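A.B. asks: Protein sequences appear in the order of chains A and B. Under this note's numbering, think of the first position of the first sequence as 1, with each following residue one higher. Under this note's numbering, think of the first position of the second sequence as 70, with each following residue one higher.
Heads up, some of the hints might be wrong.
[To be verified] Counterexamples of contact, computed for chain B against chain A with all Cβ distances above 12 Å:
(1) 91
(2) 135
(3) 166
(4) 168
(5) 183
(6) 367
(7) 381
(8) 453
(9) 533
(10) 536
[What the hints assert, rightly or not] Quick list of simulated restraints, FRET-style, between CB atoms:
(11) A:48 to B:459: 50 to 56 Å
(12) B:528 to A:5: 50 to 56 Å
(13) B:360 to A:41: 38 to 44 Å
(14) A:15 to B:156: 36 to 42 Å
(15) A:41 to B:170: 40 to 46 Å
(16) B:304 to A:41: 36 to 42 Å
(17) A:15 to B:539: 51 to 57 Å
[Claimed, not checked] Among chain B residues calculated to face chain A with C-beta under 10 Å, some are:
(18) 385
(19) 413
(20) 415
(21) 426
(22) 430
(23) 432
(24) 486
(25) 499
(26) 512
Rather than coming from a laboratory, the hints here were simulated on the basis of the structure. This one's a predicted model, so the numbers in the text were calculated from it and none came from an experiment. Positions of the beta carbon are idealized from the N, C-alpha and C atoms, including for glycine.
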Amino acid sequence: MTRPTPKDVKAIAHTADLPADDEVANRIANSIGPAFDGFAPVSGTLPMDLEPASFLLAQLAQKTGKVAT
Amino acid sequence: MSTEPALMTLMAVAKAIAEKKVSSREVTRAVLHRIAQWQPRLNAYMAIESEQALAAADAADADLAKGNSHGALHGVPMAHKDMYYDAGKVVTCGSLIRRDFVPKTTATALQRLKDAGQVRLGSLQMVEFAFGPTGHNVHYGAVHNPWNADHITGGSSSGSGSAVAARLTFAALGSDTGGSIRMPAHFCGVTGLKTTVGRVSRAGAMPLSQSLDTVGPLAQTAEDCALLLGLMAGADPEDLTASTQPVPDYLAATRETLKGAKIGVPTAFYVDDLDAEVARVLDETIETLRKEGAEIVKVELPDQRQLSAASQLVLAAESAAFHKRWMIERPQDYGAQVLMRLQNGLAIPAVSYLEAMRWRGPALAAHNAAVSGVDAVIAPVGPIPAPTIVESDVGNGPGAEAVIQRLTRFTRPVNYLGLPSLAIPSGFTKTGLPVGMQLIGRSFEEAVLLRIGAAFQRATDFHARVPKLA
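If we strip away everything but chain A, and leave its shape as in the complex, we get (with noise of 0.2 Å):
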């Protein structure tokens, strides 16, 4: 997962109907990069099968809590 740059950035806000100008497009790609490298790890990894809804069936998955309540 490559961080993008602002020349990506004024590409993908073009597409979305806000065009950023190299100011806006420089901080935008210097704010969220570090999101980008942090995640590098995991990007590209998943396997196919993965659905996003895995999130509810890991939620329900659990173990109870050791402590009665």
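Chain A is fixed; fit chain B onto it per the hints.
C.D. replies: Positioned in the frame of chain A, the structure of chain B alone reads:
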């Protein structure tokens, strides 16, 4: 426990009104008096509705005289973050864009509190569109910390944290998408409960990120939070993402001891690069929990930096999608920092967003496996106590996002995993600023956290301290 009406806990004042030891009018007048004293210093309220509040209090007293109680909050005056729709009332969402917005519906969480008898005092300040962790607001001014007005309250539930700490409301709804309940609880010295994603309906609550948004209370005590969560939690036909999981008796949980509880202390990340006073308070909190009967063990959590990064990608993409129309039509009406953060979402390709969403299930499963031997994990809410308003006023400068990410470093992973987390007042710095710790639990196990928090608060008095009006 204080017998001065405005200083009572939510539980105590509700009981006193129900038993007619004090009237709703007396309580409401006492709170309005404090609001008049503190508001010029704190800017915690967005709107103060004194006359309407007193009229509602009189009606509550009249009903009670006839033997008609509306519920557990009968006659208790409260105000909430100004993002909960209340039909017919202006709900600004802390923004210029919605300065005159009057919703036609009422948020489910708020309606359930109204059904239980609460009296509306007005509405509380917040960060513009709930998108910021400091409490600054370029449209309505920064909210000030009651413990030292030069310092931030934290955000985005800035008014909620400030008002509860100064005893200007007995409790307040906040919302937590990246730390917005826990940060103000930490900085202002109050108890704040970030609920499990899906535990409380989000219908009628201003959206920021549909995958991460949660509704929860800030109050003096864990017991107060338990009362409010019990009233608000549960399925809602207006929000099909609200869970049908049973709602346990949260108040009963707060009466249990810590005997047999096992609490995990992370071996990394949450204990790294801490301010010295935050580190001291963490150690002292762990020691208190141990003395109260909890077993303390080390836990090795999965890499929290990846969770944090994933939460940023999800939040950026979803918030930009919600705001796209106004970003096109009214960009000049946003504060510079909020617009900058919304613009970040423009850089997220759909595939990256969906990868972050698809990883959520395996990430939660891995976390559950890591904490399978403990009832909760304890960690600081933030690495530092409240900075000053001036030093954290970073606007949309080049380092702004880095400052924001540092403040919310310990809260964002919890949002990504959708877990509940209870922030509890745990100590003070030498200069008198509060420090809070968070108890992080498993999905839908708020009762476990409230049990631990209540036991801790029976052994300490940090939650009961009241700031003085200098």
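A.B. asks: What are the numbers of the hints the structure violates, in ascending order?
C.D. replies: Numbers 7, 25, in rising order.
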